[in-house]
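Enquirer: Build the complex: two chains, separate frames, hints provided.
Those protein sequence lines, which keep their order, are chains A and B. Counting along the first sequence from 1, when you hit position 10 you're at 10 in this note's numbering, and nothing is skipped either side. Remember, this note's numbering sits 1000 above the position in the second sequence when you count from 1.
None of these hints come from the bench; they were simulated from the model. Just to be clear, a hint being listed does not mean it is correct.
[Unchecked claim] To spell it out: a stretch of chain B is covered by chain A in this simulated footprint if at least three of its residues, at any positions, have a beta carbon under 8 Å from a beta carbon of chain A; those stretches are:
| no. | segment |
| --- | --- |
| 1 | 1085 to 1098 |
| 2 | 1251 to 1264 |
[Said to hold, decoys possible] FRET-style restraints, in silico, Cβ to Cβ:
| no. | chain 1 | residue 1 | chain 2 | residue 2 | range |
| --- | --- | --- | --- | --- | --- |
| 3 | A | THR68 | B | SER1287 | 52 to 62 Å |
| 4 | A | MET30 | B | SER1279 | 55 to 65 Å |
| 5 | B | GLU1054 | A | MET30 | 22 to 32 Å |
| 6 | B | ASP1014 | A | GLU28 | 34 to 44 Å |
| 7 | A | ILE33 | B | TYR1217 | 12 to 22 Å |
| 8 | B | THR1048 | A | ASP43 | 27 to 37 Å |
| 9 | A | HIS36 | B | ASP1104 | 21 to 31 Å |
| 10 | A | GLY90 | B | GLY1198 | 51 to 61 Å |
| 11 | A | ASP43 | B | PHE1186 | 52 to 62 Å |
| 12 | B | CYS1270 | A | MET30 | 24 to 34 Å |
| 13 | B | CYS1270 | A | GLU28 | 26 to 36 Å |
Think of the CB as a built atom: it goes at the ideal place given N, C-alpha and C, for glycine as much as any other residue.
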Amino acid sequence: MEKKIPMRSPSTASQIIDEEAVVIVPSEQMVNILNHLGCRIWDLADGKRSVAEITEILTQEFDVSYETAFKDAVEFTGDLVEKKMMEFVGEGKEKE
Amino acid sequence: MTDPYTRIVKKTQDRLIPFIVHWELTYHCNLHCPHCYVAPQNSREELTTGEIAEILDTLKGAGTLYVIFSGGEILTRRDFFDIASYARKKGFALRLLTNGTLIDEGVANQIKNLNPLSVEISLYGSRAETHDGITACTGSFERSLKALRLLNERSIRTVVKCLMMKGNASEFGRLKQLAQEIGSQFIYDPVVIPKIDGSMDPCRNRLDRTELYSLFYPEVHAVKRDDDPREDDLLCSAGLNAFSISPYGDVYPCMAFKESGGNLTKDSVCQIQHSPIFSKIRSITLSDLPECKGCELVPYCNRCPALAWLESGDLFGPSYADCVVARVIKSIIDTKRERAVIESRTRTSIQNIRREELT
Chain A
1 MEKKIPMRSP STASQIIDEE AVVIVPSEQM VNILNHLGCR IWDLADGKRS VAEITEILTQ
61 EFDVSYETAF KDAVEFTGDL VEKKMMEFVG EGKEKE
Chain B
1001 MTDPYTRIVK KTQDRLIPFI VHWELTYHCN LHCPHCYVAP QNSREELTTG EIAEILDTLK
1061 GAGTLYVIFS GGEILTRRDF FDIASYARKK GFALRLLTNG TLIDEGVANQ IKNLNPLSVE
1121 ISLYGSRAET HDGITACTGS FERSLKALRL LNERSIRTVV KCLMMKGNAS EFGRLKQLAQ
1181 EIGSQFIYDP VVIPKIDGSM DPCRNRLDRT ELYSLFYPEV HAVKRDDDPR EDDLLCSAGL
1241 NAFSISPYGD VYPCMAFKES GGNLTKDSVC QIQHSPIFSK IRSITLSDLP ECKGCELVPY
1301 CNRCPALAWL ESGDLFGPSY ADCVVARVIK SIIDTKRERA VIESRTRTSI QNIRREELT
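Bound conformation, chain B alone (with noise of 0.2 Å):
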């Protein structure tokens, strides 16, 4: 039987229902990190106040619950706090990504008065050298982690987040360490995505095969998961009850499938869920994937549409960050399998070491 959020969650679904939504208010950031995706339009200005919060009220009139605000680095917004309480006034469930760096004791404590559901901090390493070195900020590190301390002390849920790279997978272990020590969570990210311009420039910094093997050898556990894909299963929930907006109000089924289905300061969220492109990657299945449908490594892939469009231009092709993955978890669960080591746990691993789920 189900049980009744998950429930709500399939009507949502169903019915188009814009559940979650993230929202990048800001491209600025005083950072400067080269793996970075986002790609700002410098001629084009970012939403005002006024014009989030009208945006605010179509969303908790459209059905939406969860707001989790990005950006660039949203605490260079100097009207943040003034939109997060709208937001939590308006009865949504808040998640805030920030690199921590200008949290202090007094921000802090205007974040706990917020009451989000997680402050979500990126470390890309145990050591300073090693986080500042890819911030290209000095002191980076040692700011996040004493934001992540202060939140710590106010019993805000943190999460330490990291994207694995070559500058920073031998720190792996250290790092899962560090954020256990600080009473975070811990999540991770194995592969670097494009710039929303097109740029691969980011991808140099993604882990070969080799590097993901080491990575994620401890990780994964030997049986593959048990639901292999159907051909007719939807592969992704782009564009059904979540969606993303940009900062200058413009709508994508998610933060890395750059295509608007429109802009929410004219169009309405019924007309952006039925515009051609959120129809056309809401349909997707696996029998539209002429290279992955007969692959052998689909019960081990998280194939996603965005990162294929982003690396090739094809909505409907292969992502090869993916089957790089894919590949990897594969060759450890057969490597383990024959060792004998079965674990029942192995689809909730294969899980986690996807980019994190929404919610």
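Bound-form chain A, shown alone (with noise of 0.2 Å):
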């Protein structure tokens, strides 16, 4: 998993305001609020960089574990996946 690369799905509209990102699916017709943490997965999650990558700049930024963030990335995209919000598009590298 730590390999994955997750990005945000091309099909999805979605804008930030305020650390908080709304994401429309429109063949869906929903709209999904992210939170702080989880607005900045979806910003990070632009197709280049693994989850252990994206991981490792939220250990940074949130002062948290990366055991925690981890498990919270980890979630997060799985949700986002089967939500066709986001997709896993290649392996990158793993945590050195």
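Expert: Rendered as structure tokens:
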């Protein structure tokens, strides 16, 4: 899971307002609001960074352990993939 | 407790973030509807593809999420799909307003690839004779209907929109049924607005009080809304978290209120949002409206400042078309109350007969 690379689904529409993300899945006619941490993961999920790399950034920015941040990132990206808001596009580096 | 989306929308209003942008991409159109409010300025050039892309970049940075592309007819622009694809790549949620006559299978596929929130197509009658009579274009009804079917087959959300006028009011029920049969939502508007150059010609097609009464009677329920406006309530969201852009880049508080706050080819969103006209229109409350504030119709009225301004040039005056609508609604509600047909859905019903909300 650490090596997986999440990417915001190109079919979504989104905007970040004050550290919260409003994400729309047009095919589902569904609006989702992501909180500060979720918004940051959304922003980092550019199709280039792996879950491990995203987790590293979260540990630096949110004063949280790698294990906790990793668990959050895995759960969150998995949930968004299920909701068609994100997709995994390949595999990158694991934590060194 | 406020839901998260409502809280964010409120935040965009408080901070003057243009969350919703209505963009008239062109004033060119292949139909000739006499009720159309558009008045092209033939001496001016419409924005180029590059200028539009730059403005989309600006809007993304300014906090815009929803972009509504309308015209004229959007598909008369040869670069329409370049523009719309770029907007989607930037992450905007798109609504497309079109007459549908230029949509064939290929165009429908291109629209599907855009993943729009909705495609909204005007139908002015349930029969070709009525619709084509209004658009002054033979075959337009069949082509618009075909477009709706092509889009629905591709699971794109479609909306049939109809401006109710003298020429089509009798077909209201059949048109609503037609929309349902083909799988489209149905929205209607009972008020024809003047042209943006001040001409009142389109208003000759407005329904009179008796016609409005017949149209609304089945639609309006028996209890007035429970949130009567207070004197310090803002009356319109124009210039708060929404604005309108013309084909020339001029920015207006809304598409019907053509007093420009600036031009996005040279002015910033912040400059425009703090321009005198934007500041003025978003500050108007009921207490500023001398003729309206004591009016018995206030609980039934959705006064549109732009319509008041177009009708009389007075931003603080009543909108006479809205006065007529409010009077009709009050009359229907009073009648139904007397008949003790009490339902609890009136607030929704009153809103449903207004011009549609942006989102």
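Enquirer: A separate judgement is required for each hint: does it hold in the structure or not?
Expert: Results of checking the hints against the structure:
1. Under a criterion of three residues with beta carbons nearer than 8 Å to beta carbons of chain A, the stated coverage of the segment 1085 to 1098 of chain B is upheld, 6 such residues being counted.
2. Coverage of a stretch by a chain is defined here by at least three residues with a beta carbon nearer than 8 Å to that chain's beta carbons; for the segment 1251 to 1264 of chain B and chain A the count is 0, and the condition is violated.
3. Checked against the given bound of 52 to 62 Å, the beta carbons of THR68(A) and SER1287(B), roughly 53 Å apart, stay inside it.
4. For the pair MET30(A) and SER1279(B), the beta carbons lie near 36 Å from each other, so the given range of 55 to 65 Å is not met.
5. A beta carbon spacing of about 31 Å between GLU1054(B) and MET30(A) agrees with the range 22 to 32 Å that was offered as a hint.
6. Distance hint check: the CB atoms of ASP1014(B) and GLU28(A) are about 29 Å apart, inconsistent with the given range 34 to 44 Å.
7. Range check, ILE33(A) to TYR1217(B): about 40 Å between beta-carbon atoms, so the 12 to 22 Å window is missed.
8. Range check, THR1048(B) to ASP43(A): Cβ separation about 31 Å, and the 27 to 37 Å hint holds.
9. Judged by the Cβ atoms, the range 21 to 31 Å given for HIS36(A) and ASP1104(B) is violated: they are separated by roughly 46 Å.
10. As the Cβ distance of GLY90(A) to GLY1198(B) is approximately 59 Å, the hint placing it in 51 to 61 Å holds.
11. Range check, ASP43(A) to PHE1186(B): Cβ separation about 39 Å, and the 52 to 62 Å hint is violated.
12. In this structure the supplied range 24 to 34 Å holds for CYS1270(B) paired with MET30(A), their Cβ-Cβ distance being about 32 Å.
13. Between CYS1270(B) and GLU28(A) the CB atoms are about 34 Å apart, so this pair conforms to the stated range of 26 to 36 Å.
Taken one by one, the earlier hints fail for this structure at numbers 2, 4, 6, 7, 9 and 11, listed in ascending order.
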